[in-house]
Every structure is written in C-alpha cells, then in structure tokens.
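Given the structure of chain B, go ahead and fit chains R, X and V onto it with the hints provided.
Protein chains in written order, with the numbering used here: chain B, 2 to 609; chain R, 2 to 488; chain X, 210 to 501; chain V, 3 to 275.
Be aware that one or more of the hints could be misleading.
[As the list claims (entries may be wrong)] Short, incomplete list of chain R residues facing chain X, as computed with Cβ under 10 Å: (1) G175; (2) R180; (3) V190; (4) S486.
[Claimed, not checked] Take a look, some chain V residues computed to stay more than 10 Å from chain B by CB distance: (5) I16; (6) D35; (7) K72; (8) V162; (9) N170; (10) R171; (11) T259; (12) H267.
[What the hints assert, rightly or not] With a Cα cut of at most 30 Å, we get these calculated DSBU-like pairs of lysine-lysine: (13) X/K459 with R/K366; (14) V/K72 with B/K582; (15) R/K236 with R/K345.
Rather than coming from a laboratory, the hints here were simulated on the basis of the structure. As the structure is a prediction and not an experimental result, all values here were calculated from the model. From the three backbone atoms N, C-alpha and C, an ideal C-beta is built for every residue, glycine too.
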Amino acid sequence: MAAQAGAHAAGQHGHGEHAHELSFVRKYIFSTDHKVIGIQFLITTLLMLMVGGALALGVRWQIAYSWQTMPIVGKWLFGEQGGQISPEFYTMLFTMHATVMIFLVIIPILAGAFGNFLIPLMIGADDMAFPTLNMLSYWFMWPAIICFGLSFLFDGGPAAGWTSYPVLSAIAEAAPGSGMAQTMWLLGLTFVGVSSMMGSVNYMTTIINMRAPGMTLFRMPLTIWGMFITAILQAFALPVLTAAGFMLLFDRLPFSIHSCFFIPNDLIINNAEPTVGGGQPLLWQHLFWFYSHPAVYIMLLPAMGMVSDMLAAMVRKPIFGYRPMVYSMAAIAGLGFIVWGHHMFTSGMNPALGMTFMTSTIMIALPSAVKVFNWIGTIWGGKVRFNTVTLNCIAFVTMFIVGGLSGIFMAAVPVDIYIHDTYFIVAHFHYVLFGATLFGVFGAIHYWFPKMFGRMMNETLGKWHFLLSFIGFNGAFFPMHLLGIAGFPRRYAEPWIHPYLEHLLPMNRFITISAIVMGFAQFLLLANFAYSMFRGPKVGRNPWKANTLEWFAPSPPGHGNFDVQPVVFRGPYEYSSPLVKDRDYLMQTEYLPRREERPTEQPQPQPA
Amino acid sequence: MVARNCLLGLTIVALLGCDLSRVAPPPEAVFAPDERIDDLVRQARRPVVEMVTERFGTPNRLVAWEALPVDYGVLEGRVVEAYPETDGTCWRLKVELDAVPEFPKDWPAPLLQGVAVAFLSFGGKPVSAGGLVDEGENRVGLTVQRFDPGTGVLELAQRLGSPPSAGDRLRLVGHKLQRGRVAYMRHCVHCHGVAGDGNGPTAPYLNPRPRDYRRGIFKFTSTGPNERPTRDDLKRTIRQGIPGTYMPSFFLLDDGDVEAIVEYVRFLAMRGEFERRLVDELILDYSTEAVAQRVDAGEERSDILDELETFLRDELPETAAFEVERIANAWRRVERPEALVVPKTPRTPDTFESRARGRKLFLSKTLKCVDCHGPTGRGDGPMTEDYQLNTATNEYYPFPGLVDAWGHPIRPRNLTRGIYRGGRRPLDIYRRIYVGIKGTPMPSSAAALNEEQIWDLVNYVLSIPYETADTRRQLDAVAAQLTASEK
Amino acid sequence: MRQHIWPICVLLVCGMWWGLSGCGGGASTVPKVVVRPAQEEAGSPKGNEPQAKDKTSGTEQEPVAGGVGTLRGRFIFDGEPPQLPPLVTKGNAPKDKEVCAAEMDIPDESLIVDPQTHGIKNVFIYLDRAPKGDYPKPSQPFRFDQKNCIFTTHAMIVRVGVPVLILNSDPIAHNTHTFPRRNEALNQLLKQNDQKGVPLVYTRPESVPVEVKCDLHAWMRAFQLPLDHPFGAVSAADGSFEIRDLPSGKYAFKIWHERAVGGFLNRRFSVTVKPGENEPLEIKYQASDFGL
Amino acid sequence: MRNFWCLFFTVWPIVAVGTFVIAPAMGWWFPTDAYSTLGQQIDDLFYLILTIVGVVFIGTHIALGYTLWKGSQDPNRRSWFTHGSHTLEVIWTIVPAGILLFIALYQMDVWRMYRVQSAFPEDLLEVAEVTARQFEWRIRYPAPGRPLQLKPQKGDVYAVNDLHVPVNRPVLIQLRTMDVQHSFFVPSLRVKQDALPGQVIPVWFEVTKPGIYDLTCAELCGWGHYKMRGRVVAEAEEDFRAYLQRLAAEQAYDGVTPIETALSHAEKRQNEE
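Next up, chain B with everything else stripped away, as it sits in the complex (with noise of 0.2 Å):
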C-alpha cells in the first residue's frame, strides 16, 4: 500500500514539467493517456458485450420458444400481437447481434482495450506514439454506436445479416431495415473502421519505435507480437471494406443517381420497377470476406498472444517454442489474407477458385495447430494453479481446439456444400470468437485488473462467472454442431415450420436455456469489475511474480508509465530460470551480473 501511494507521488512529481492538475474532463474523458483509453474502451465494450447478449438472447428465445411473448421487451415491444414478435425484428437481432460483438466487443476489446493499455507498458513506452490520434480512435467508435443504435431505430432495423450480402443490403425495397437503417449500419461501420485505423497505424508505430533500451523484436511478449500482427492486418484489410462499403452506399443512392456495383439487371424487388444495372452480388463478397476473414484473426491473434503471456506467468514456465509461436501467427496472418473465398464455397464463385480456397484454408490449420501444441508444451511440466486466469486459459486453449477443428469440416469444400450456412458453422465460429477470444479476454482482465486499478478481482466470482460461462457456452454451441449436422440452416425465425428439424425443439430450447445461464453470468463479472474497483484487495506492482515490463511499472501507472526508465536484458518468459534459486521468475528488466551474487529482492524503483 505504501507502494502505491509511492508510486502516485512518484507518477506526479517525477515529471516536473506536468505538475499542473488535469481537469477531470481532460484527464478520464478526452483523455490522450494510453491507458485512460484503453480502460474506456474496455468498460464501454463489456457494456456493448451485454447488448449483444441480450440481443442474442432474444435471437435464442424466438428459435426456442417461437413467437411466445419474449422476455422483458415482448410486453411492451409487441403487446398487440400478444407480445409474437415480426420475423424482421428477429432479423434484426440477428444482424445486430452479430455486428455489436464483432465490432463493438471482440475487435475493440483486444486491440482497443488490451492493445492500448498494454502496448505502451509492455513495451516499456511512456504513452502512445500518437496520444491524440489514440484518443480519436476511442471517441470515433461513439458515432459508430451512435449510428449502428440508430439503425435500430428505423424500419425494422438493418436486417441483411452482419455480412449484409446485396442485393438484400443495396435496394431499400428488398427487406425492411434495408432502407434507412442499414445506411446507417453502414456509416457505422465506417466510424468503427475508422477508428480501428487509427489504433492500427498509432500501435505500428509505437511498437516499431518506441520499444524501451534492450527491447529487441524478438524480446517482446508474444501479446505485444499478436497486436503487431494485428496491426498490421488491419491496417492491409481494412481499406477494402471501407472501399466497399463505400460502393454499397454509393448503389444504395436514390433515383438515377446510385451506382451499379453490386446491383445486377433485371431485379423485380417487392414489385418495384425491375432494376437496371449490371453489377455483380458476388463483388461485395470477394470484398466483404477480404477484409473479414483476416477480421477472424484480428478477433483471435491478439488473444492468442495475451494467453500465452498468462499461460506462461501461470504455470511459472517459459513459453514452449517462443520463435515458432511468432512465426505461426505470421503464417496465419498472412494465409488469412488468401483464405476469404471458402466463406463463398456455395456462392456460385468460379468453381476453380473452390480448389484454391480449400487449400489455403486447410492449409491455415497448420499453424493454428502448432499454437495449439505449444500451450500445451507450455502447460507440461508446469506448475499449475487454478485460479480464473489459469482457468479462462484452458478454456481458451480446449475451446479453440474445437473451433480449429470444426473448420476443418467447412474447409473441405464437397463438405462445405452441405454444412454450409447451417448451424454448424454458428458453433463454428462461435468456438472461435466466443469460446477461444473471449475466454481468453476473460482471462486477461482478471490477469491485467490489478495493473489498471491497482486491486484484484474477486476469485470466488470470477470462478462462478468462469463455470457458469463455460458450462452455458458448451451447453449452448456444443449441440448447435449436430444441428448442423442435421441440416439446421442459420437464421431462421421460426424452423419448426420444416418438419424434418421438429425433433430438434429439446436441443433448441436446451442450447437456449444454456445460452440464458451463460448471459447471465456475465453479469457476475460486471459485478466483479465494478466491485473490485473500489472494494478489491490492494496489491503491489508485481502481484502475479511476472516478467514482462508492464509489472516493473506502479500499479496503476502514474502518467508516463514508469518512474524508473526500463532497460530490457532478458525475454519475457524467463520464468523458473536456474538463474535465480529463490524465486521463480526473472524480470525483463533485471540486470543479473554474470557470475556474481545475485539479488535476492527485485530492487525497488526510486523515485527520481
């Protein structure tokens, strides 16, 4: 506690030349402090994180229990139809569902929350390269929201699905939210693109230049590295899908104005004059799927490397195959850029192209494969300890082995034609997204808590949030894998018209009521964060004995990181090193003479 209180005095004084007071409003509202930003991205989207539970909820409730009056909002949204909700309301849960968790939660949480708060500390940097280009890429994802909350509010709101396929997304008349909302959806998407762009260039840069003293490419924790990659792949991908979105709204403009990208002749919609142009669906979704699939691993990397950054500070063990791990999440960065076409298998894209894409794709389990191996080396002969961050990392580590190996099956093109499009890949992805990174996100803000605010997390709560969410999420994805398998399509609003897939009403209504058990225990961790920052135990800079830079800093920093200037002499993992006898970890920073007695205590910074 001493320290802490140290280290603020230390955070203030140490620049002189910032002794003045920030105002309140500068200093944890437009804030240019890294990690200021970093914890209001990762605040607003938890938040986001329960809207787009919620909205799956609702999204679970109608295929389970059809047009029964919904929970909460079925009372007042559609009271005259006896709270039945309209099929294009369900439409938009979806939609929406599937737009705020990828592009308010995952992507915003690993690069914006984790990726700013821990580049600059992990890489022993005393801010951002650009804090006001940082500080604009937090306050641009509020149009998005402002845009995509909008959206909800015209028409039936924006209802082609988050990958919004033309001709469904382009004309107005050809579904109820394709009108007015789903321009919205689509400015939306630009802010958030937008903003996602601004922390790209800003963590390239930062991380290329402002490494501490000692701090080579290949002593960065392989956090620092998924962020890179990451980076890196947005930066490449994400113009297309701004490009393209931009086409999109140039088709959706009225009268004669409008383009003809993806619009093609001859288009009778809702009994409209029939359409004039000679565009092409299939363009949008080359370009769509250029930039999301790679959006898949801007979803994962980051994760992927934070785990490993935990995995290895939990078992006390360095990680297993430092190298290979940076060269896999290369490999599957890069290979992510040549796989898009397998999301199109059944599009009517050229059939050779089929042959290509499944080769690249499976080819793109290889590394995912040796990331997977090496946890588990990582794991073995570790010493193991089931706290909720070590907890939420096997999960990461089990879930994403079934997601890695449930794309095998869509990989695989003649296999691809008939699970294509159905359940299957719901679980699929949701493996990926929901049980690989958001485990790990888990993981990481219990891991990570008390360097943001200086006190733990509730372990009792994190380990119900922990049961509950991974028992929910297996109960709820595990069986969507046999809907699949019994030819279940994705977004249907009501499938019990199909009597091939009436015996399928049990597993539905048993995945929603999973899903409802793993909702909820979201709030546990709410309540866990909200709790922990103000009633959490205290701790001290290094409370998880654990090497990387940002545990040398004061907990929580002071502005500027560090009081003492980090120099880097060793990687990040040196954990259990028969270096140091006492102890079993071995910071970055620490300088061991050769051969001489070696200190017993890590030194404690002074206050210059």
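The following block gives chains R, X and V in isolation, referenced to the frame of chain B:
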C-alpha cells in the same frame, strides 16, 4: 463457504430451470379497432367496440356466432354418463363423440381445451336458445377444460346446478376456429395483422400492401363482380401464393391448417365488415368533426348526444342485425355452385386469328385496356400518369397513377412478364376479364364482351409475354383489317 | 468482503426472475371459444337478400294527421356567383381527344351557380328517414348516361329497388365505378355506344349521395342518392326544388352538396310542412360554405 | 479443488465425444442418409474428416488433461525450465501438414464433379428452371416432350414449391433468382447452391431413392427467409412424365373442357408423334 457457494449456484440454476411462465400473464393480442373509430365522439366509440367484441370476441376468447356461415368446427356427441362431481367446480362427463378431429403434432394445448359446449338436449329436454344451459335468467356458455379421447371423459370448466343426464346430446363448437387462430397467428399475422386489417408489423414494408380483409373485398375470386370469394378461392391463394406480391405460397402447409386458416380469415372478414358498417352508420352524424359542425350550426350538444343515445339504443341493434344478415348472406351465396363464374363455351383454339381478334379488342375503344396496360401490355398506359381523386377526402392523391379501394397506389399488370397474380390458367384470365379485379380500377367487362371475345382476349393476353415486335406488327396488321372490314 | 457479494447475487437472481416472467403468449396461446346463438336474426326477415326496412320516424318527424303538403324552395348563392374554370378545355383532353372535350369544354360541375338568379344547382335536399308509409316506386328505370366524357346527370336521386340503367352514348368505352357506403360497389366497363345499358340496383338507402366515377377519365364524377321514399330533390339550374306529397308535420331535412365544407350544407334543416302549398323557402349559402 | 478442475477439463471432452457417439441414435444426425450419388460421397468425406478430427481432438485433450493433472499435483515443485524443442516443433509441423494436405487433395474430385461443368455427367436431363423469390420457389418445366429453354416458352409448365424429378438419373436444374440471393438446399440430397442475382447456375444431382425431400433456403433472403419451404419429389420417370402431363393439362384448364379429356388428347398427340 463452500456450502454457501454451492447454495448460490444452485439457486441460480434452479431459478433458470423453473417454468416461470405463470409469474405474469402474457400480453394478450388485440383486434385493433377500425381506424375511423377514433374519429367518433367518445360516446359513440365504446358501444361500437362493445358490440363488435360481444359478437366476435377477442383473439384469446373468440365468439362462435352461429349467425355467421363459418365452419367453427362442430363435433356432436352424446353424454354416456355424468360422473359425480369431484371438486364442485366442474362437471365431468363421459361422452361419445361422433368424430374426433385430427390435430397437429405440435398443438400447444390439450386436445379440445377451450372449445365451447352447447347442449342440444339437457336433462332429457331439448334446449332451445342455441344450446346454452339456462341458469336462472342468464344463459351461460360452457367450455371444455379437458378431454381425453381415449376414455371419452370430458371435463367442463364450469358447473351449474344439476348435471346433464345420460343420453343428452351436446355439441363441441370451435376447434377449427381455434386451430385457425393459432395457425393464422403463426403464418399470417406478420403481414395481415391480428384483426386482418392488413396492418401487421411487416406490412408497412410490403408493396402492394397485404390484404385488409375488413371490407370483404378479395381481389382474385372465381365469383361474380362484388361477390365474396369462395372457400376454394381462399385456399387456392394460400396454396399457390400470389406471384408478383409478397404473398408466398404455403404449398406444403398442412391441409387442416389451411382449411382452418380459410375459416378464420372468413371470420375476420365478417368481423371487419360488421365493424366497418357500424362505424359507417355513426360517422356521418356523430364523428367529432360532425358534432362540432352541428354545434356550430346551432344545435345543442346535449341534444345531439341524446339523439345519439336514442340511435344507439333503438336503431343500431336493428341495423347491426340487418348488417349481419346481409354479410352472412353474401358469404353464404358464393358457396352455391351457381355463384361461380364459368364460361359456357370452351376456350377458342389459340390461333393467330384469335389472337389478332384479341389484339383488336385490346386496342379497341370498347375496352380501353390500353389506357392502363399500355399498347404493348407493359402496364404503362396513360392512366398511370393521371392523378386520381380521393373520394373520401375530395382531394387528389399526391401521387400519379391508379389507386385501389384501400387508398394504396397500385400499378396495372405488366402483361409482358408472364406473371399472373390470380393464376395463369385460361380460366383465371377469363375470370379477370369477366369479373374484373375487386377493389381496383380493373372493371368487369361482362356487359361489354361476349364469350368468344373474352376467349380471344385471353388468347392474346397469354401470348403477350412471347410477343416480339415482329409478331405484334403482324397481329396489328390483321387487327386493322378486321376493324376495316367491320366498318 | 463476502457479505457484499450476496446482495449483488440476490439482485441478479431477482433480475432474472423478472426478466423471464411473462413467457408464453403469442401464437401458441390457444384461444377459448364461446358460442353465441344466432339470436339476432330471430326477428329479421329471412330470404336471400335482406330487404330494406322502414326506418321508424325520428323525433322531429311526426306527421300530423290530415293532408299532404308540397314544399318548394330555392337555394341561393349569397354573393358574387363564382364561375369555375372548365376542367378540360376544348381539344386539350389528356386522352381520347377525338371524343372528350372535342367540341366543347368539360365544365367543372362541382359548383354551378346561375349568374342571373344566383340559384345553386345540384343541391340535394332530402329526408334521411321518412315517415312510415308505402310509397309507390317509379315503374321506369332511371337512366344514367354519359356523353362527351361527361355524366349527363351530375346529381340525381334514385329509388331503392329501381334499376338505374347505366348507358354510354360515347363512341369510346367508359368505366362506371360507384363508391357506396351501404350498397355493393359496381365497377363495370361499358362498351362504346351502349344503349342497352347495365342496370345498377341499390338495395338499401344511403344517407349521403354515392359518388360515381369513371376510372378511365379521372374528371368524370356524378352523384346518386338512393332513397327508399320519394321525399328528396335535387335543385335545378335556378336553384329551385320541389318535394311533393309530404305528409304534413315537422321535418329535419339534410342538405348536401359535393363542395359543402364538412359534407353537408345543413345537417338538420327544420321545416314544418302544412297541408297543401307551403311558403316557398329561400335558403342562402355563402362562398365560405363551399370552401371558396 | 485442483482435482475438481482437472476432472472438469477432462469430463467435458468426454461428454463432447459421448454426445457425438450417441447423436446418430438420438436423431441428432443427418436428417436422412444421403439419397444422391454425390451426397453419398460427401458423407464419406465427412466421416473421413470426422475420424481424423476425432482422433486429434481426443489426443490433444488427453495431452492437455495429463499435463494439467501432472502440473497441479505438487504445488511446491519448480516448473521445468525449457524454451521448447526444435525436433518436436518440426514433427508437429510436418505431420499435420501432411494430413491436412491429404484432406485437401482428397476432396478435389467430388468438388469437380459437383460444380465444374466439364465434369458433369453426359446424360444430364434438364428438368426445370427453379427461380427463387421472396419467399418461394417458382418452378418452370418445359412443355412435356420439349427441352428446357433459357427463356420462358409458350407451353411451359409452372409450379410453385414443388419440384419433381425423375429418380436414378442425373438431372439438372437451372437455378436463378428473381430478387435477392437465395440458396437451394435439399438436406437429404446434400445439395446446396446459392441462387445469385443476375446469374443462372446449373445444379445437377442424381436421386437414388424415390421419395419426397425437403427443400429449404439456406441464404438469408429477408424477413421471410424461413418461410421458403418447398419439396423435391423424386419419382420414376413415367410418373414424372405423367405428372408433367397432368400439370400441363391443369394449366390449360378453361373451366369447360374436363382435364381428363385434355390429358387424353395430349396422350394421343404424343402417341402419334
């Protein structure tokens, strides 16, 4: 500590697993009242709503009004034995039903639960007033609580005085109506709305708007002008859909469901028409606007309200009875075979000459098809440019083109597309020409054409999608000759 | 610390309870059915087509015993008589130029005021409910013709049960489309020069005139008022009208005109009819009554 | 507690595998056997992958469970200090690479037969044009005895949501859409193909067993996506022809001539030809 944690976990799981559906009653669906009811003065509004509700019920408590020609689903049976009452709240009877209906597998309630019970005889004596049991002054309807088709035991929800005796005949009324309501709410309500007002949640996005049943006007029927559709017409529309609109084909919907939906739609149409007529009777004199005008003109408001009260008391019930009779007759009439519009002569062979004669008619001043459908049948005739007068408000519509009876813009069919909403059989086209399309400006040409002419026109219309500029020129040439030779 | 966790959990659980309540409802609710006997038809006449019933007389329509009277009067425009521009000027018809407005303008008949006498044409004055009685029906059908793309009779009173023969004296087709409230609508194509005509029978009286349109020629409008008694009149070109054989008594007439603001010129025009000739009425209206 | 968690991470994969084992018996499996020639091959490939994947799943989870159990036994022990093993890395790169490449190459043939037009069977019968629209399947057969043309012809026979095909012979449908994207999905035949606006996509399949198969839409096409319920009826070739004849006769019905007469006329005509 562990115990407490376990307790906490168990509570959460237990609560989730519980069936909490009984905690609060779900919201009830409502029949949205006619839009114009809001225009009436307050004193006139409630009686109308009450009158309609009393006769037709609410979506969750439907009234099987026997004055209407709706097949509510009637099962007749005989009481074999009346059990001594078990708990004083219900009668338990062993009955023998003449037939037990087939119900869908996923029927959400016990068989026949909630259907009405009417006795044909009670205690050995015939029951007169619609099969309701007398309880002092009031005649009370009974409802089935539970029915076990295996044992034939029937539990009634209520109990009044002495039970019926063995041998009494009874009727269970309304299982088809129930099924229709459930199927309708599942498959149709998004567009057509709970009341059949064509105003479901999805309706605003559809073009053309979903049918509003409340006028009893259905576009594509096999019956004469101004007539209601037959059951078969409705069934055909559900089965085949209406190409060119958002009405999809429910080809594979269970037969029982389709039949039940047809009955329910007829029920809704009658309900809507009845309601509409009641409002019609009142709106001229007792709308808020009219009353205000009358007060301006020097009448006393209280006088007007007195007059309204007298009207509601003395005349409206009689008008209502009259209207129901009329509506019921209209629906009854079309089920007779002679109501069908059937040509007497078979279709003229589809020859070039026949088509040329059809083309001549198409272009002729006799029919003026061209005014709407355009000279090449593209649906681009000059009428699509004209502004139409709204007869209700006496103002021109703000958009050019044709308008249907519901005030929605509609476009003449583009005949070159080969999409025929009312069906593509020659018979269907014949009926469109002979009867017209109800609720739209497409008139009946029955008076203007003879049968051969209609068949010629049918032949021509069916050939338009395959027409080329060349063939049209040839047809036009022959048509011109024909016209010349007439003169 | 732990004691703080409990309330949170309890809150969560309560939230879930509240959230899940109200399940059910929607399409899967099976409605209850009650039977309602067809009682209301007990007293009404049976038959294929319900017959229009005599309305009981209203409060102000008590016929005094003895004698019938004739009511005459005139509708007079109070102010400068408006002259409405024609709807279609000669030779400028948007279509069917060879027939419509070929020889003359198509006038706007929605308000016709005689410049000399200031009489208003085509005003309906009628009894909504007539005294009980058996009134002889005209034996001849009414004729409703169209010529030069104009309905020759712009406003007429017809009788329930008596056919209105719709004719066409133009060399082009017309399409007669009625918009009644109580009767069934008619939408009938009439071929050119159709002198046989299509009969239109009103089965029930209406309380306001029925609009008749031609869908093919948007400007064509006319009004027909079916009554089940003879006590109504349409004013002539000089604004005069005459209602004969009215049993003496006090009546409330409705006065209707198509341009009248709010539908009616007068909803209850009270008159006491004496046997024999009555004092001619002079009923004046101003431009504002017609929304001018 | 640590044993609980070890058990926890061991039990769930067992439950997962168990679910897959009992799934076919519980009806949580393919809706029916594959009743098309390609479908059977697809199923074979599916089972092949399932086997490989199952082995990998079990293997990795045994390894994971073992390491967890081992690692959690002695809380006072010091972890094994190692930065990895080059040999192991090479092994677990090369071996999966080989397996994955095998999977990829093994699939190519089926895909080629399914989609590459030059590999289509030669005796394909062009049955019908299936036009998807919101929210139904509109089907256009050629007039009985005529070949299918790309453009509608006079005499074409129309149906909705009801596609009849002859059994035991490769048939081809021309798939198109009138409005937005749809997907022609017959689960029992393992056929799925998106209907792409602006394109006509040929889809072939050979049904091996007469029967009625569900036809659904598998690509989001708007609010009524789920309503697109159709069926594929596979029947003997004579039945198929008779069906077409009957449909054609019904379509020519004029309200006077009985359909039976029209049918017999058609038969006579055909016999004469």
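Hint-by-hint comparison with the structure:
Hint status for R/G175: holds, given a least beta-carbon distance of 3 Å to chain X, under 10 Å. Interface hint status for R/R180: upheld, as the beta-carbon distance to the closest one in chain X is roughly 9 Å, under 10 Å. The closest approach between the C-beta of R/V190 and any C-beta of chain X is roughly 7 Å, which is under the 10 Å cut-off, so the hint is satisfied. At about 18 Å, the closest approach between the beta carbon of R/S486 and any beta carbon in chain X exceeds 10 Å, and the interface hint on this residue is violated.
The Cβ of V/I16 sits about 12 Å from the closest Cβ of chain B, beyond the 10 Å cut-off, so the non-interface label holds. With a minimum CB-CB distance of about 12 Å to chain B, V/D35 clears the 10 Å threshold, and the non-interface call stands. For V/K72, the condition that its CB be more than 10 Å from all CB atoms of chain B is violated, with the nearest at approximately 8 Å. At roughly 16 Å, the least C-beta separation between V/V162 and chain B is larger than 10 Å, which holds for a residue marked as non-interface.
With a least CB separation of 21 Å from chain B, V/N170 remains clear of the 10 Å interface cut-off, as annotated. The claim that V/R171 lies off the interface holds: its Cβ sits roughly 21 Å from the closest Cβ of chain B, which is beyond the 10 Å cut-off. For V/T259, the non-interface assignment is confirmed: its Cβ lies about 33 Å from the closest Cβ of chain B, beyond the 10 Å cut-off. No Cβ of chain B approaches the Cβ of V/H267 within 10 Å, the least distance being about 35 Å, so the stated non-interface status holds.
At most 30 Å may separate the alpha-carbon atoms for a hinted pair to count; X/K459 and R/K366 exceed this at roughly 52 Å. With a C-alpha separation of about 22 Å, the suggested pair V/K72 and B/K582 falls inside the 30 Å cut-off, and the hint holds. Taking the CA atoms of R/K236 and R/K345, the gap is near 25 Å; set against the 30 Å cutoff, the hint holds.
Violated hints, listed in ascending order, are 4, 7, 13; each of the other numbered hints is respected by the structure.
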